[in-house]
Amino acid sequence: MGQALHPNRIAVLVVEDDALLRAEAVDLCIEAGFTAYEARNADQAIHCLERHSEIHVLFTDIEMEGSMDGLTLSHAVRDRWPPVAILITSGRRKVTKEDLPENGLFFPKPYSPDDIVNALNDIAARITH
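For the sequence shown, the numbering used here begins at 646 and goes up steadily by one.
By construction, these hints were calculated from the structure, which means they are not laboratory data. Wrong hints could be hidden among the right ones.
[Said to hold, decoys possible] With beta-carbon atoms standing in for the labels, derived distance ranges:
1) Thr773 / Glu710: 18 to 28 Å
2) Thr741 / Ile675: 25 to 35 Å
3) Glu676 / Glu743: 12 to 22 Å
4) Asp724 / Glu676: 29 to 39 Å
The C-beta atom is built at its ideal place from N, Cα and C for all residues, glycine as well.
Model the full assembly from the supplied sequences, consistent with the hints where possible.
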């Protein structure tokens, strides 16, 4: 797996309703050198973003229980926290560029861990320069 360019400089919020997948994604972020927060739905994600200004990346699944799905969450985050980078994943939904918020990236499940780490490293490099 790729090494983080700027470990611990940015934090990632992982939003996934499946506990095992959420734990795997959090571990992936931590092993790559990033701080990771987790939420099981959009409401928890918004609360976490309100409390932790160091979060620079939202990594969310689309399908989840609660007040909004991951696409709706990603658009809400883009509107309220424009600098936050957005990575979206789904194993069931087909997503077009028009569905994504501005500069959002989509990774179909099962995604390659290296692809996620590379995207996080690219985001970290942009933020810290």
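- Message: Please list, smallest to largest, the hint numbers that this structure does not respect.
- Response: 1, 3
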